[in-house]
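Based on the provided sequences and hints, a complete structural model is requested.
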Amino acid sequence: LLMPVNTHGILKTSEFDSAHTPVHYKPLFPFKLVSVSWSESPIFEIPVPEEEQGKEEKTEETETKSEEDGEEAEGADEAAPAILHADLQNKFIDEVVVFRNCFDTAVSVNVDGKQIYFTATGNEAEDFEEVEADEYEKFMNKIAKTFTIDISETDLKSECLVAEDDKVYDLSWYSIHAAPCYLADKVLFKGNPLWEATDKKEHFAGCSVINDGDDRLIALSIRNGPENRQIYFYGVDGALREIDNDEMVTHYEAFKEKEQAERERYEAEEKARCAAEKDAEKEEEENKEGAEEDEEEEEEVAEE
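FYI, the numbering for the sequence shown is 1 to 304, going by UniProt numbering.
A few of these clues could be false.
[What the hints assert, rightly or not] Here are the simulated distance ranges between beta carbons:
id	residue 1	residue 2	range
1	226	3	14 to 22 Å
2	24	124	19 to 27 Å
3	288	267	43 to 51 Å
4	273	230	55 to 63 Å
5	133	230	38 to 46 Å
6	39	85	20 to 28 Å
7	265	16	50 to 58 Å
8	168	271	16 to 24 Å
9	252	28	51 to 59 Å
10	227	39	25 to 33 Å
11	267	227	17 to 25 Å
12	41	230	38 to 46 Å
13	274	295	28 to 36 Å
14	252	35	53 to 61 Å
[As the list claims (entries may be wrong)] Using 30 Å as the maximum straight-line C-alpha spacing, the simulated BS3-like pairs for lysine-lysine come out as follows:
id	residue 1	residue 2
15	12	32
16	200	145
17	12	26
18	157	167
19	12	145
20	200	167
21	145	157
22	12	201
23	12	142
24	201	167
25	256	167
26	201	26
27	186	145
28	200	12
29	142	201
30	26	142
31	186	142
32	91	167
33	167	271
Treat the hints as calculated values from the structure; they're not laboratory data.
No residue lacks a Cβ here, since even glycine has one placed at the ideal position from N, Cα and C.
This is how it looks when you write it as structure tokens:
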């Protein structure tokens with residue numbers, strides 16, 4: 001599924017050719033399917049009848065080779081934990097349905113009218129586990145929600161997204177980066193629509209947000225195949241509007257000027273604070289020296 005093979009014998013379809021819709025794989029006559037793999041490792045297999053597994057001599061040869069390989073052969077077996085269904089022996093796969101967004105994947109295998117469901121939250125074959133129909137539906141709904149992202153939140157609950165933030169004086173800034181396999185095509189800010197794809201190839205790639213009190217400057221990065229483009233927004237919550245590059249530069253320069261003014265104010269306050277501390281230390285030292293001199297004079301008078 002991750003790297004489809006035998007494509008000449010398998011029909012691949014998707015309604016509207018959209019990431020929002022599952023991908024269907026069906027064998028074309030006279031081809032037959034008995035195995036489903038992910039990254040070249042099987043996640044589901046229909047057992048092959050013993051009489052079709054080859055001659056006994058070939059089996060013995062394989063066993064001998066496995067013994068010679070030792071741990072290497074054992075490790076290879078562990079890397080391909082395919083789920084077998086003995087009750088489906090002598091039957092073939094009618095259809096495989098895949099719904100995914102980045103590392104979240106749901107797979108349904110139809111064998112002679114029986115549905116077998118798998119889910120995974122990773123990108124390896126061993127991440128797949130067989131689940132019941134209700135769990136599969138819940139997981140499908142979870143995936144469907146990931147195609148919309150609210151960029152006002154940095155507490156991200158996805159391995160496909162990375163957030164970083166910082167605060168400089170009164171200005172706060174944060175950025176969100178999306179993995180290439182993350183296919184969100186609708187962006188919100190505090191629940192309000194900000195952007196939605198008009199091309200099925202467009203997806204959210206990342207964003208940077210500068211906050212100055214209630215004012216926000218947002219740079220939204222949109223991926224379209226190998227190309228990226230930027231969209232800019234400015235305003236307050238609930239009233240963000242799209243702006244062009246020139247207006248973005250104007251607001252950005254204003255933020256930089258405010259940052260510079262805040263920096264100068266901070267440095268002046270810090271300089272004044274350090275000077276006051278030095279004056280206080282000097283005064284304390286002078287008072288200490290004066291007290292010591294008074295004490296010495298008192299001792300001299302007492303001796304006389």
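Hint check:
| no. | hint | result |
| --- | --- | --- |
| 1 | 226 <-> 3: 14 to 22 Å | holds (20 Å) |
| 2 | 24 <-> 124: 19 to 27 Å | holds (24 Å) |
| 3 | 288 <-> 267: 43 to 51 Å | violated (31 Å) |
| 4 | 273 <-> 230: 55 to 63 Å | violated (41 Å) |
| 5 | 133 <-> 230: 38 to 46 Å | holds (43 Å) |
| 6 | 39 <-> 85: 20 to 28 Å | holds (21 Å) |
| 7 | 265 <-> 16: 50 to 58 Å | holds (55 Å) |
| 8 | 168 <-> 271: 16 to 24 Å | holds (19 Å) |
| 9 | 252 <-> 28: 51 to 59 Å | holds (55 Å) |
| 10 | 227 <-> 39: 25 to 33 Å | holds (27 Å) |
| 11 | 267 <-> 227: 17 to 25 Å | violated (42 Å) |
| 12 | 41 <-> 230: 38 to 46 Å | holds (39 Å) |
| 13 | 274 <-> 295: 28 to 36 Å | holds (31 Å) |
| 14 | 252 <-> 35: 53 to 61 Å | holds (55 Å) |
| 15 | 12 <-> 32 | holds (15 Å) |
| 16 | 200 <-> 145 | holds (17 Å) |
| 17 | 12 <-> 26 | holds (7 Å) |
| 18 | 157 <-> 167 | holds (22 Å) |
| 19 | 12 <-> 145 | holds (24 Å) |
| 20 | 200 <-> 167 | violated (36 Å) |
| 21 | 145 <-> 157 | holds (12 Å) |
| 22 | 12 <-> 201 | holds (18 Å) |
| 23 | 12 <-> 142 | holds (24 Å) |
| 24 | 201 <-> 167 | violated (35 Å) |
| 25 | 256 <-> 167 | holds (13 Å) |
| 26 | 201 <-> 26 | holds (24 Å) |
| 27 | 186 <-> 145 | holds (10 Å) |
| 28 | 200 <-> 12 | holds (18 Å) |
| 29 | 142 <-> 201 | holds (22 Å) |
| 30 | 26 <-> 142 | holds (25 Å) |
| 31 | 186 <-> 142 | holds (15 Å) |
| 32 | 91 <-> 167 | violated (62 Å) |
| 33 | 167 <-> 271 | holds (21 Å) |
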